[in-house]
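> Chain order of the listed sequences is H and W. Read in our numbering, the first sequence has 201 at position 201, and its numbers run on one by one without any break. Read in our numbering, the second sequence has 288 at position 288, and its numbers run on one by one without any break.
Hints in this document: simulated from the structure, not taken from any laboratory. A quick note: this is a predicted structure, and the numbers were derived from the prediction, not measured. Hints are not guaranteed to be accurate.
Derived BS3-like pairs (lysine-lysine); straight-line CA-CA distance at most 30 Å [unchecked claim]:
1. W:K375 with W:K468
2. H:K251 with W:K38
3. W:K49 with H:K242
4. W:K3 with H:K98
5. H:K311 with W:K375
Part of the chain W face toward chain H, derived, beta carbon under 10 Å [as the list claims (entries may be wrong)]:
6. A33
7. A39
8. Q362
9. G408
10. E424
For each residue, glycine too, the CB sits at the ideal point set by N, CA and C.
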Amino acid sequence: MLRPLLLSLLITSASLAVGQTRPPSPAPPAQKSDAISVPYKMFTLANGLTLIVHEDHSVPVVTVNVWYHVGSANEKPGRTGFAHLFEHLMFEGSGHVKEGDFDNFLEAAGGDNNASTANDRTNYYINIPSSALDLALFLESDRLGYLLDVVTPAMVDGQRDVVKNERRQGVENAPYGMARVRIPELLYPKNHPYHWPVIGYMEDLTAATADDVKEFFRKYYTPQNATIVIAGDVIAEDVRRKAEHWFADVKPGKLPEPIEVPPAQLTTVLKETITDRVQLPRLYLSWLTPSGYQPGDAELDVVADILAGGKTSRLYKRLVYDMQIAQSVTAGQASRQLGSEFDIVITARPSSDPPERVLERIKSVVDEELEKLRQSPPDERELQRSQNQREAGFFNRMERVGGKADLLNAYYFATGNPDYFNEDLARYRALQPNDIQAAVRRWLPGDRRLEFSVVPAATTKN
Amino acid sequence: MRKSTHPTLKSFLFLIVIILAAISAATVAAEQAPDRSKAPAVDSPPALKLPPIQKRTLTNGIAVSIVEMHKVPVVDVMLIVRSGTATDPQGKFGLANLTADMLDEGAGSRSALELADAIDFLGASISTGSSTDSSTVRLHSTVAKLDAALPLMADVALRPSFAQTELDRVKKLRLSAFVQARDNPASIVAAAFPRVVYGPSHRYGTAAGGTESSISSMTVADLKSFHSTFYQPANAHLLVVGDVTPASVLPKLEKAFGSWKNGTTPVPKVTLPQAPQHPQRQIYLVDKPGAAQSQIRIGWIGVARSTPDYFVIEVLNTILGGSFTSRLNSNLREQHGYAYGANSGFAMPATPGPFQASAAVQTDKTAESLQEFFKEFDGIRKPVPADELNKARNNVALGFPGTFETTGSMAGHMQEMIVYNLPETYFSGYVSRVQDVTSADLQRAAQQYIQPDKFAVVVVGDLSKIEKPIRDLNLAPIKTLTLDELFK
């Protein structure tokens with residue numbers, strides 16, 4: 001349900017201004033500057049829809065990227081997985097587009113499209129030759145204006161089956177798949193909106209009805225609750241005119257009520273072990289951490305790099321390279337709107353020792369490394385290595401208009417400023433070794449976390 | 001997510017919603033309702049103007065191709081060696097792949113860890129790998145760090161250490177990965193299908209990474225020999241794509257690669273034998289007790305990259321299983337809901353690669369799904385309606401410009417052109433070659449390349465639930481395979 005979006009931002013000693021409007025072929029080198037910026041124009045249509053336009057003339061394509069500010073966090077009890085099931089229905093036709101034609105039209109124009117649902121938002125995109133922008137806007141406006149004209153119980157049934165198979169593919173039939181369902185249940189209290197998985201529970205998918213679709217659409221799929229970014233080989237004024245034209249008959253709605261969020265806090269070490277049809281045991285350590293862009297968030301991204309980013313990272317070097325008791329190690333700050341999660345995930349090597357003992361040994365090494373970071377700040381070089389990699393990752397995202405469009409939407413959603421590129425980058429640039437130490441001390445304590453293990457079920461030897 | 005894409009490593013960051021429209025927002029007046037009675041007409045797309053391929057040569061004779069892309073200050077430098085996994089000797093399947101993998105485990109004067117630190121510190125990445133017909137070392141870097149990164153890349157490509165301790169370590173990692181592969185139905189079907197179509201002795205019948213026993217047998221001498229035999233200037237091509245010019249980048253390349261000399265023996269030409277075609281329809285079952293889905297893969301030997309039917313096959317496969325609205329996906333996903341998705345594809349290396357159609361279907365609909373696959377195989381051999389042909393041609397042709405957006409994707413296109421010796425006019429002629437495909441072409445190609453009576457059918461799933469319904473179909477003879485037969 002989540003697309004891979006690596007928010008890595010950063011710098012070289014003299015970074016270049018990118019994303020300016022340029023002719024496609026040999027152009028003079030960009031002007032040197034310390035600023036990274038994606039120029040945009042923003043408009044609010046009469047019905048309340050926010051439109052953000054960015055011009056990039058390098059390739060004759062345009063991307064239409066829409067964010068609805070609704071995700072699995074907005075779901076009600078008994079209907080988990082609904083935001084994502086709803087996402088699927090957005091492709092099944094609308095008042096003036098028959099079932100199947102959304103994709104038929106776009107493919108015939110050389111376009112592609114997809115969507116993803118996360119805890120806090122749902123995004124949709126269409127990439128298409130720039131000459132077909134009207135078609136994309138026709139489809140996008142029709143499903144926002146007229147989706148409910150065509151929704152039937154049979155249509156819900158069809159996508160329900162597809163989504164259940166999506167869940168089987170990613171959860172039931174994937175090694176370690178149940179861990180991603182179980183971990184949030186343990187980290188968050190039952191009434192917290194992050195308690196359940198974005199993909200939802202099977203019985204809730206079974207229970208979803210066409211009436212649920214209508215209610216959800218009226219509540220969350222309003223122009224007020226959406227932002228549309230159009231980026232690519234287009235002229236901002238033309239885009240504004242076309243958007244005004246196509247969205248003119250889409251009626252305004254209301255902003256949904258903000259959701260109530262009970263506190264989530266770990267006060268002790270939670271432990272759970274499950275079995276799976278796997279041969280290599282795996283350990284997950286999870287902490288509740290600050291929301292995206294809050295103090296501590298960028299620090300924890302860097303902590304993840306220092307622990308598990310590349311061969312020289314501390315945990316990889318010890319567990320995989322030197323001791324060779326682990327097959328892989330990852331660490332990451334999964335940043336979200338209502339609170340984030342920091343995870344360390346380690347898969348063990350085959351061993352003649354019992355899996356529990358293997359994982360205990362691995363855990364003790366992780367604890368030693370975390371303790372070192374609590375006791376002393378990382379080397380300047382370790383910090384700078386992470387900063388440099390994040391900066392380079394930023395440039396890579398800037399190569400695609402689709403990448404830029406999604407970031408413009410993400411930044412606008414999070415900060416109200418679509419062109420938050422420099423500010424985001426500055427969060428990483430400003431970090432000092434002491435900040436990293438302080439973040440580990442504050443956010444990754446040894447006595448308040450989840451320790452989750454997956455061990456082989458008895459009969460998994462093949 | 002609506003359609004499957006690559007797996008996710010990290011979820012996304014976002015925060016507090018700020019509802020107030022920001023600074024420069026302007027409110028726009030309403031206008032009258034648009035005409036929704038039909039979809040708006042689409043103008044013909046603007047032509048893609050690709051930057052020229054600038055060809056140069058270093059003093060040691062190595063060919064260089066440079067493509068300028070000035071949007072973002074990054075650059076891709078790729079050393080392409082024209083030998084890949086197809087060159088692996090019998091008993092040493094996985095050698096090209098392991099050699100490429102070991103290139104950055106210590107090189108020049110640096111140990112594996114020192115090398116990783118130096119590259120990571122630059123914010124650059126150096127990736128090494130091998131595909132069927134080439135091996136590559138790829139540097140991706142900001143232009144500002146190119147001077148510092150290129151010597152590291154040259155060390156990796158030309159002066160790998162191949163230290164015994166590092167090889168031992170990497171081999172253990174690989175052997176554990178084979179253990180993991182046996183746990184994953186998706187990996188099992190990926191190993192099983194080529195094995196039954198090509199057999200254990202043809203190179204294509206075993207994964208690029210080799211097997212437990214072939215990897216166990218690899219020595220430092222094997223790696224050194226492969227490297228010195230195939231990594232030679234005469235067998236290599238340098239490709240540069242990004243925010244550089246020939247004048248700015250050639251001196252750097254000369255410094256890093258110009259003194260690289262050919263060895264004393266010429267590079268051997270290795271040509272794989274053509275494997276015998278899968279003779280008749282046969283079902284192969286692999287048991288995965290408790291599986292919630294069955295992994296299905298169906299097909300046989302397809303075509304080589306040099307096929308004169310390349311463009312016809314692109315369009316044919318788009319209709320059968322290469323797009324979201326393709327027949328397989330429409331049937332198994334949209335019409336029946338048996339799967340999250342279904343697709344098909346032709347792999348086209350230098351010697352004919354497989355055609356395969358795939359889906360992961362819910363366990364209790366496995367037999368039904370097999371029937372639907374075969375319905376679509378039979379259907380595609382009949383004349384394709386004009387509107388369906390049009391949609392597929394446009395999808396392939398009009399989508400083509402969008403595939404040149406990044407330095408990485410441009411480099412990928414260029415690599416294909418270089419490795420398979422495609423003509424200079426290949427990119428500029430692509431759209432019209434696709435648009436020239438006719439309904440008669442499709443039918444001829446389908447008759448030739450989609451012969452369901454001869455297909456291999458691999459199913460990985462819970463045999464206690466799926467075997468009887470599959471037998472009851474009477475689709476083909478059935479053989480059961482063990483994991484050892486697939487991974488050894």
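> For each hint, tell me whether it holds in the structure or not.
Okay, the hints, checked on the actual structure:
no. : hint               : in the structure
1   : W:K375 with W:K468 : 21 Å, holds
2   : H:K251 with W:K38  : 20 Å, holds
3   : W:K49 with H:K242  : 26 Å, holds
4   : W:K3 with H:K98    : 20 Å, holds
5   : H:K311 with W:K375 : 49 Å, violated
6   : A33                : 4 Å, holds
7   : A39                : 5 Å, holds
8   : Q362               : 6 Å, holds
9   : G408               : 8 Å, holds
10  : E424               : 18 Å, violated
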